[in-house]
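Student: Assemble the dimeric complex from its two separately framed chains, guided by the hints.
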Amino acid sequence: MLTQEKQAPALLEATKTIAGSEAIMLGLLQEGVDTIFGYPGGAIMPIYDALYDYREQLHHVLVRHEQGGIHAAQGYARSSGKTGVVFATSGPGATNLITGLADAMIDSTPLVCITGQVFAHLLGTDAFQEADVISISAPVTKWNYQVTEADELPEALAKAFYIAKSGRPGPVLLDITKNAQLQKFDFAGYVPCQHIRSYRPKPIVRKEYIREAAELINNAQRPFVLWGQGVMLGSAEQEFKAFIEKSGIPAAWTIMGAGALPSDHPLNVGMLGMHGNYGPNVLTNECDVLIAIGMRFDDRVTGRLDKYARQAKVIHLDIDPSEIDKNVQTTVPVWGDCKETLPLLTEVIKEKHYPEWLQKFHTYRDTEVAELIRDELYPTSGELTMGEVVQQLNELTNGDAIIVTDVGQHQMVACRYAKLNQTRSNITSGGLGTMGFALPAAIGAKYGAPDRTVVAVIGDGGFQMTLQELGTIMQSGVDVKILILNNRFLGMVRQWQELFNERRYSFVDITSPDFVKVADGYGIPGKQITERDMLKDALQEMLSHKGSFLLEVMVAKENNVFPMVPQGCSVSEIRLK
Amino acid sequence: MSNPQQIDRQEYNITVYTENHVGLLNRIATIFSRRKMNIESLNTSPSEIEGIHRFNIVIHESEEVVRKLVKQIEKQVEVLKAYYNTNQDVIWQEMALYKVPTDVIAEKALVERLLRENGARAVVIRKDYTVFETTGHREETDNLIKVLQPYGLIEFVRSARIAIIKDSEGFNRKLREFERAEPGEEVVENEFLNSRDNVFTM
Ligand SMILES: Cc1cc2nc3c(=O)[nH]c(=O)nc-3n(C[C@H](O)[C@H](O)[C@H](O)COP(=O)(O)OP(=O)(O)OC[C@H]3O[C@@H](n4cnc5c(N)ncnc54)[C@H](O)[C@@H]3O)c2cc1C
Ligand SMILES: Cc1ncc(C[n+]2csc(CCOP(=O)(O)OP(=O)(O)O)c2C)c(N)n1
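Residue numbers (our numbering), protein chains in the order written: chain A, 3 to 579; chain B, 117 to 318.
Just chain B, with the same shape it has in the complex (with noise of 0.2 Å):
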């Protein structure tokens, strides 16, 4: 299609940090379902500060779409702050674990050639079946399924992305300034998009 917010669609990593509380999942959820938008993935995990929690959303969007998404995400009340970012500015991984025959495994040493090649690693080895884990991009843990899809396969799945933002200094000094009434300035723009048609102001 020649939408012009078709072509510059990339995949974002939406970062976002929350207080604890029942029905902030439904309530991020229904940012993107109400606007038919698939959510590719979504961690949440504590951050490094106890109490406060950490969202990690994959979307594959226009960064025009994006921010309007993150606005919406920084609206709810108990969001303290939502960044987006693009792969390049992050380190990113998946998991991902992989279940395959182990006779398979033992009796063909090129199979434990191409696992040591894809950096997997066994996680649990039986009599009947063994477990590797690989964690990478999507294209590695991918590749890995295709290189195993010959030799029976039993399971596989894949982890949501966890990702960290490259310039972060994290969320510690930020949150105390949250507490006060008034906050400095700098901590409530988004320093992570400090041109001026990208920065807003919370």
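So that you can see chain A by itself, here it is in the shape it has in the complex (with noise of 0.2 Å):
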């Protein structure tokens, strides 16, 4: 974000009037905004009409479908670290962002969405394409604000774009009636936001919470961090691995948190939760001191809450208060963004090591791998895996791709076994699970990080949600890997019908239409295959394509995620089969 030094030329230009909808297009400019993902309609026209003249300095990605436009605005801002820019019209426009909405706000996703509304004479009298957007969007935006004047309009952007990235980031939407949008104003410059009155996006940091959580640690024998998507949002991947080294504790991520320490870290014991690994989980409950770092226990990573690290002394670093003591009792809260108390908790730990604690989770990882892993990742008969897709991908990427998954069990194994070099390369719907979400994050993430090979990991029943946005590439040209793993089921779905409910397998079977030759309508070559021996060069070719490629790779109809902490089941419960 500029700062007020930087600002200052624009405020010394003189006055001049111009219409609310170019305002916009100019504080975009200076919010640092290089690309915006939209679809346009009445209520929006006149934003549409300033953006003509700007769509040489503000690229706009013409989407299929609004949702399609919100999930790429994630993609672009979970790849980047910036936040994503959303265009929607009004009523049936808006409404089909709240999805993405809802998704961005659990996951807590930087974007500002703009919709255009009515005149505001209109408001209120079911005039066409009406929707109370504020209200439906209120309780999946961070903060929402309608615009009936042009002159609100600068203050009301910058406002939005300190809110969507400050703090605890999160969707933000403005709500902007057509009559503002043409009304001309004496714009005055834009000024960006730098403070709220009623508004603290960070805690202060207590310096007696650094020196109980640091005391607890240096006396621990048995410590162990748990880290989340927080570390990226703050930016702290150095200051976390700083940390880790520092301290010598083993640690375990979230699927959101995945890539922030690199997965070969020796340090890097593996994944939580309902999926996770079974050292992880089933050490939770053994450790003395658990430190939390960005991540906020969500119940796929805790199980059954009143059975979960009992034992253990709780330290939990988080930027937001609401989610300290929400689910796990904390002894010593480190409030503040992990950016800056990890360096200061790092200063005053003690250098040490656990060889033998972190033996035990080698232990537990030299199981899983006996019983499940290896046959999950290297089958020599029998019919494909997801897994062994996963790790031929790895050889063939080392690790350096961006791996935008979708929703279900390709996600998990994805999730489980995705090789990940950097920050910001595993992007996938956490907190909602909204299927459909893969295939415009990746165009996003793309966009957001255009040097970086994109592949989009996708089950068949998700594809069909959003492969409307395969117009999308089309048009655009932008190049994303499209893997479609496909079991002719909604696995996740059906997995749990099999385990828990005596296989009565309730409308999860479902077909689908010859995904290739559907990219082929499209101009987006592709290719399917069934057999083992033509997965690698499959993959290789879809990975050394110049542009898009959709790859449908036949796996096993029946196969099952594991291990698995059944719902309702502590960690410790985990099962391998």
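Take the hints with a grain of salt, since some may be wrong.
Just some of the chain B residues that point at chain A, by a computed CB distance under 10 Å [what the hints assert, rightly or not]: (1) Y133; (2) H137; (3) T146; (4) E180; (5) K191.
Under the rule of at most 27 Å between Cα atoms (straight-line distance), these lysine-lysine pairs were calculated in the DSS-like manner [what the hints assert, rightly or not]: (6) A:K209 with B:K184; (7) A:K579 with A:K421; (8) A:K309 with B:K224; (9) A:K328 with B:K152.
In case anyone wonders, no lab produced these hints; they're calculated from the structure.
Beta carbons: idealized from backbone N, C-alpha and C, even for Gly.
Tutor: Below, the structure written as structure tokens:
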């Protein structure tokens, strides 16, 4: 964000009279926006008209559905660390954003969504394409605001960007009536927002808690770190690594935190939660000090709460005070941005190693490899597994690709096994679990990180929820690798029906079109494979193809994702089969 | 029920200082409705500071739940500060209006005595009806309903609760701190909950 000093020249410029819609363009440029995902319509036409003059600087990607637009903006935000921007029209355009808003809200993704609205004098009259977007979106936005006068626009936009990105990030929606877009007003320059008196994005760091936390850590015998997306949201990967390496504490991740520490780091002991690794789950109930960093103890991570880490003293580093003690009672709450709190903590902890304790994780790891990982990643006979596809992909990308996943079994498999060398490499819909997320999010991720390879791993069910975005790929020419793992089932639900409903497969049998043909219709080359000996070459073809490519891999119909902490069970009760 | 959360449920008074922002009432209300919780009473009014609004919310819950709710309320961008207090920590009042037929009152001296005993005051006296007003705690205003029922109570209405926090110094000094980019620690703390696990910093 620009500083006040850099602002000065703009302020000195003589006041000029411009339309509200043009003020938005100038504001977006000042905020450093380079890409917008959107879809036009009547109530947002003045904004699109203004955009026509700024189309060189503000690259607009025309999506095929507003849900695709907002997921693309999420993918952009997650791969780049910047705020994603969405345009949509009033009524149906705006309501099509709701799923994405809810997704971005629960996953703390910074977005600024701009929706057109009917003329102010028509509000509340059931005007054409009028929907009460402010009320509808309130529970799924960090902040929203309706602008009805052009001269409110610069300040509202500045607040929107500030709120979206500061503190715990989240989606913001500005609903702008058509008259405010058209109205001319005296524009005195755009000043980015840096302070709102009623809003405290970061709690004040309290030194006594740093001291207390350090004391617990220094005296621990079996400390265990759980990290989450907060490490990335705070851009604190380096600070986190320094903390882990000095403290010598084994660390495990939530799927939203995956990649903040490279997969092959010696202290990275794997994934937490329902489909996480064996050791991290079991040993959560054996550690003596649990240090949670930028994670919110989601129920997919904790399993049954009254049997979760009851023996441990808990240190929770989080920027959001409402997360402290929400699910797990904290011994020491370390409020604040972990980018600030981690270095303070690192400074006062002792340099230590826990070879025996770390060995326990390795022993569990060996069991997990022997009992299930080996068969999942390196099968030699039978149908193709999802795991071996991800494993082959790792070998070809060497862990440098961005992996965007949809929701279901393939998501869990990809999160478990994808090799991630760098941060911001795993993009998934975690909190809401929105099927249909991956394809549009991958498009956005590529715009946010144009130099990186982006692979969208998607199930046959989820792909059919947003496959219209193939049209966006076709038109924009964006390079996204689409990897469909087709098990001919809504696999994750089928797995639950198999395990918990006595195989009563109720409406999980899903048929699909010929995906390769569908892609072909959009001018996207593709291939379907069914045999193991074709896998590597097909993946290589997909990766080395210039431009988008769709690869459909027919995998085993009825494989299950294990390990699994069944719902309502403690993390110690994790099942390997 | 033997659920411990049920056992220590009691009335809490939540006081919220906010900016004047369209839609904020809705955002605050959904914090409760989302958890399927009933708000017992809700009042919005100006505060001691021009432009700053004050919400008084009454809720019957356990302290643990109320603490979490207050944190969610404070998280709203336009909320400056939220406090929660038990009934012992606040001075509170509710107002009630009662409409009764005038002839009954005129004829029966007893009724007038009852009204006086209950601290009621006539606001409007007409030939056909009289409107009385009382201010007090719930039991007091409730009591008068019972008293008046046999004499043809025509209409009754009670206001939301308003409450003043006994230990509060008001919000003036705090607001000045909030206007600074880096407010002092002591104003940001919730000084009414000044024990370790109750304090939180925004
Ligand atoms: C089918 C399915 C299965 C799933 N199974 C699993 C599973 O097995 N394991 C798993 O881990 N997840 C699983 N999930 C995801 C799960 O639902 C949650 O989304 C995930 O656990 C949340 O991770 P998180 O707490 O790291 O991230 P978030 O939900 O993004 O929370 C981030 C936390 O960091 C804090 N924070 C933000 N910025 C900062 C900062 N600068 N400094 C400090 N703190 C900060 C925030 O306040 C918040 O508390 C599954 C999802 C689906 C759809
Ligand atoms: C929009 C939406 N609807 C329903 C669900 C519930 N759901 C979770 S996983 C899943 C099955 C996904 O099937 P598929 O996309 O084929 O992936 P697989 O599990 O087979 O890998 C369903 C239906 C959801 N998460 N999102």
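Student: Against the 27 Å threshold, does the CA-CA distance of A:K309 and B:K224 hold or violate the hint?
Tutor: 67 Å, violated
Student: Please verify that hint: B:T146, Cβ, nearest Cβ of chain A, below 10 Å or not.
Tutor: For B:T146, the interface hint holds, since the closest Cβ of chain A sits about 5 Å away, which is under 10 Å.
Student: Quick check on B:E180 please, does its C-beta sit within 10 Å of some C-beta on chain A?
Tutor: With a closest approach of 8 Å, the B:E180 hint holds.
Student: Once the shortest beta carbon distance from B:Y133 to chain A is found, is it less than 10 Å?
Tutor: With a minimum Cβ separation of about 8 Å from chain A (threshold 10 Å), the hint on B:Y133 holds.
Student: Let me know if the C-beta of B:H137 comes in closer than 10 Å to any C-beta of chain A, holds or violated.
Tutor: 8 Å, holds
Student: Decide if the proposed pair is consistent with the structure: A:K328 and B:K152, CA atoms, cutoff 27 Å inclusive.
Tutor: It holds: about 17 Å lies between the C-alpha atoms, which stays within 27 Å.
Student: Take a quick look at whether A:K209 and B:K184 sit within 27 Å of each other, Cα to Cα.
Tutor: Given pair A:K209, B:K184 holds - Cα atoms ~24 Å apart, limit 27 Å.
Student: Please work out if A:K579 and A:K421 have their alpha carbons no farther apart than 27 Å.
Tutor: 24 Å, holds
Student: Would you settle whether the hint for B:K191 is holds or violated, based on the nearest Cβ-Cβ distance to chain A being less than 10 Å?
Tutor: 5 Å, holds
Of the numbered hints given earlier, the model fails hint 8 alone.
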